[in-house]
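J.: One letter stands for each residue in the lines below.
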Amino acid sequence: MISAMTAEPSGLIYMVAGESASAAIASNIFNALLKYNATLDLEGDLAESWKISDDQKTITFKLKPNLSWADGRPITSADVLFTWKSVTDEKTRSPYASDYQLVKKAEAPDALTFTVTYDQAYAPALDSWSGLQILPKHLLKDQDLHTTAFARKPVGSNYYKLDIWKNGENIQLSRNAKSVLGPAQIDKLITRIIPDNSAQFLELMADNIDTMGLDPIKYSRIIPARPELQKNLNLYKELGNSYTYMGFNLKHKPFDDARVRKAINYAIDKQEIIDGVYLGLGINIASPYKPGTRWSNPSLQPYPYDPAKAKALLKEAGFVDTDGDGIVERDGKPFAFEIITNQNKEREKSAVLIQRRLKEVGIDVNIRAIEWASFISRFIKTGDFDVVVLGWGLGLDPDQYNIWHSSQQAPGQFNFIGYNNPTIDKLLEQGRTELDPDKRMRIYHEFSKVLLEDCPIVYLSAGYGLTAMHKRVQGIVNPIPPAGVGYDSHKWYIPEPLRRNEMSAQ
Amino acid sequence: MRIEMIKKALSNPLALAGFIIILTIFLLAMLAPVISPYDPDEINVKAILLSPSWSHWMGTDGLGRDVLSRMLHGGRISLLVGLVAVGISTAIGIFLGALAGYYRGWVDTLIMRLVDIMLSIPSFFLILAVIAFLTPSIINIMIVIGLTSWMGVTRLVRAEFLSLAEREFVQASRTLGAKDMRLIFTHLLPNSLTPIIVSAVLGVASAVLMESGLSFLGLGVQAPQSSWGNILTDGKEYIQFAWWLSLYPGMAILITVLGYNLLGEGLRDALDPRSGSNR
Chain A
142 MISAMTAEPS GLIYMVAGES ASAAIASNIF NALLKYNATL DLEGDLAESW KISDDQKTIT
202 FKLKPNLSWA DGRPITSADV LFTWKSVTDE KTRSPYASDY QLVKKAEAPD ALTFTVTYDQ
262 AYAPALDSWS GLQILPKHLL KDQDLHTTAF ARKPVGSNYY KLDIWKNGEN IQLSRNAKSV
322 LGPAQIDKLI TRIIPDNSAQ FLELMADNID TMGLDPIKYS RIIPARPELQ KNLNLYKELG
382 NSYTYMGFNL KHKPFDDARV RKAINYAIDK QEIIDGVYLG LGINIASPYK PGTRWSNPSL
442 QPYPYDPAKA KALLKEAGFV DTDGDGIVER DGKPFAFEII TNQNKEREKS AVLIQRRLKE
502 VGIDVNIRAI EWASFISRFI KTGDFDVVVL GWGLGLDPDQ YNIWHSSQQA PGQFNFIGYN
562 NPTIDKLLEQ GRTELDPDKR MRIYHEFSKV LLEDCPIVYL SAGYGLTAMH KRVQGIVNPI
622 PPAGVGYDSH KWYIPEPLRR NEMSAQ
Chain B
-10 MRIEMIKKAL SNPLALAGFI IILTIFLLAM LAPVISPYDP DEINVKAILL SPSWSHWMGT
50 DGLGRDVLSR MLHGGRISLL VGLVAVGIST AIGIFLGALA GYYRGWVDTL IMRLVDIMLS
110 IPSFFLILAV IAFLTPSIIN IMIVIGLTSW MGVTRLVRAE FLSLAEREFV QASRTLGAKD
170 MRLIFTHLLP NSLTPIIVSA VLGVASAVLM ESGLSFLGLG VQAPQSSWGN ILTDGKEYIQ
230 FAWWLSLYPG MAILITVLGY NLLGEGLRDA LDPRSGSNR
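As given, the protein sequences belong to chains A and B, one line each in that order.
Per the working numbering, the first sequence starts with residue 142, numbered consecutively.
Per the working numbering, the second sequence starts with residue -10, numbered consecutively.
For the record, the hints were derived by calculation from the structure and aren't laboratory data.
Check the hints yourself; a few may be wrong.
[As the list claims (entries may be wrong)] Here are a few chain A residues that sit away from chain B, every Cβ distance over 10 Å (derived from the structure):
(1) Ser239
(2) Gln326
(3) Asp356
(4) Ala366
(5) Lys450
[Unchecked claim] The following label-pair restraints were derived from C-beta to C-beta distances:
(6) B:Ser44 to A:Gln484: 29 to 39 Å
(7) B:Ala6 to A:Lys329: 50 to 60 Å
(8) A:Arg367 to B:Leu117: 34 to 44 Å
(9) A:Gln484 to B:Leu69: 18 to 28 Å
(10) A:Asp337 to B:Lys35: 45 to 55 Å
(11) B:Pro41 to A:Arg367: 36 to 46 Å
(12) A:Trp533 to B:Leu115: 36 to 46 Å
(13) B:Ile132 to A:Gly465: 48 to 58 Å
For glycine and all other residues, C-beta sits at the position ideal for the given N, C-alpha and C.
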């Protein structure tokens, strides 16, 4: 099976690389202690079972017996302990270290037991152990994870192992006979590196790749218009765990005033963005959680499009058009700001639609699309912006401490909009330490409600993830489970007559 | 230029063809607000990516805006950037070239080494690097293109001045006691005008291309303002499907650049005695 990715991973040790390209490949090679099943409940991956102590501070994992790495050496709790030490080591500089640094004590009392003890009950703990890919100690001991050759010649435990990595061309995986989870169906996974989306689509049309993510235009306009593509491709649509938003720099005036933020929210027609930019392939949201999941508060309603209310709120905040130029002023200064976004077509188009709607209530908006690296380093990390249009991709645990807590505002941290709300801080702290799922749910429902009322960001939409897959790939779970279209991909298969011939040129 | 020079220039079929092309494009761009069928920024989410039809001659783009209207308004930007950028580069080029060619000596050496240094840097990358530090805007683009493309004119003016300075009428004027400024402005400069004009016309073509390239990369004209380059960027996404988003701006750039080149080459053939009138 051949897929494509736009960026080449810098290495396959995910805790160091910290990029989605690395995760996409490495997750076929490595296992974590736990994993999510089809309905997004946790189950064992390397672990056979786990137990939480009565004081809720200690978790004891039991590994499955007789597991081995692809090179035949056994997998033991020493590997897990080594991985934990690596990820928390200052020298590793892992972007994921913070979750694991909360572990006060980690031990491997015998070859199959691994225990971690936290200072206080930490609700996202189990989720964090599903995200840490366990590395082999015998190959990485005393090595620098940033420079080790292992990052390009990994030895793992999952369904596949790395065969060939051709720089800038492709990464080829083949079935790992010693996989801890049993054999996968498809022999070879080839991931081609094709930096340009349009070029990927040409390759899909030419049947040189089997699958790729689609944008709404390709999904609902291009493919349906071409019978020869429809004949070969299955299309999948699922609500993604991410959303697009417009965020205010709360340290800049007048965005410190909730009335102004709400006015802007009322002035933006969210449905128009969904229809115009996403061709209807998205939904309007009112909380930072995927609608339909337990964490999403079903009683909340998005701000409707109401320009009259927007104008009234602006007036209340002191913005009135005194000189008749169509732009409102306060203290003689016209209300004008710049929206910055990265060079992402959908976000740019959304910004253009927002620009037009805000003009109608008397706000003058400028748009600037900036290349990703300088966008992050020059504007986000320095806080040098008025308003951003960006997206958040979310994990499965509801904890959003990193994004909203007032302590997370240092350069490079995720609360770059400078949000500071004591009620929200308290709820986030409670949510992290509450292990009872129902109580926890109520905390996050309340959190979403306060957030919506305070309006530090405007939710624009949650878009659907769209995937095209060649019909030769079979066994895909349908309807798509909550875990997504890629769930159980080891059970996918390509029937003999449909297989590609030996991939000579590719 | 005198009337007979213009007549002579336009009797050259190449120059005439180029002139007509440029004139047409200019008229279309000037009249854009009048002849555009739609407001170029008018969004219609119900008419996204429509193929060309009677109501939208060049189709619509990803936000349902009329491509023809955006092309016409975008043409204004492309032409403006071309002219202003070349104005800046020609002014700098004439000034430095005149200094170098007239005073020679260390002034000449200094200016020519500067030219060599500037020429050794690929200009598109230099512009990319500079724009990355500034806010992309039409004004900045014009200035940056102007400030990075004066080297050709400088060399040209210097060479003209060097050769003209040896001619009898200049020598005679100098013997009669004419001052530097008088020599430069009444003798040397007017007699260098032809090659300067030719090079400026050709320069506009490359400035138009440069602007399109920058806008294509997202570093030029910013949304929602249209330019041929950024319409082309939108088109890239949908090239297999919405061909009109790539074809029309591509053609516009091609024809404009061709027009300026034809005009420039034609002018050179017609006006430059050294290139011979037998062509």
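J.: None of the hints should be skipped; say for each whether it holds.
T.: Going down the list of hints, with the structure as the test:
no.: 1; hint: Ser239; verdict: holds (33 Å)
no.: 2; hint: Gln326; verdict: holds (32 Å)
no.: 3; hint: Asp356; verdict: violated (8 Å)
no.: 4; hint: Ala366; verdict: violated (7 Å)
no.: 5; hint: Lys450; verdict: holds (22 Å)
no.: 6; hint: B:Ser44 to A:Gln484: 29 to 39 Å; verdict: holds (31 Å)
no.: 7; hint: B:Ala6 to A:Lys329: 50 to 60 Å; verdict: holds (58 Å)
no.: 8; hint: A:Arg367 to B:Leu117: 34 to 44 Å; verdict: holds (37 Å)
no.: 9; hint: A:Gln484 to B:Leu69: 18 to 28 Å; verdict: holds (24 Å)
no.: 10; hint: A:Asp337 to B:Lys35: 45 to 55 Å; verdict: violated (30 Å)
no.: 11; hint: B:Pro41 to A:Arg367: 36 to 46 Å; verdict: violated (19 Å)
no.: 12; hint: A:Trp533 to B:Leu115: 36 to 46 Å; verdict: holds (37 Å)
no.: 13; hint: B:Ile132 to A:Gly465: 48 to 58 Å; verdict: violated (34 Å)
In this structure, the hints that do not hold are numbers 3, 4, 10, 11 and 13, in rising order.
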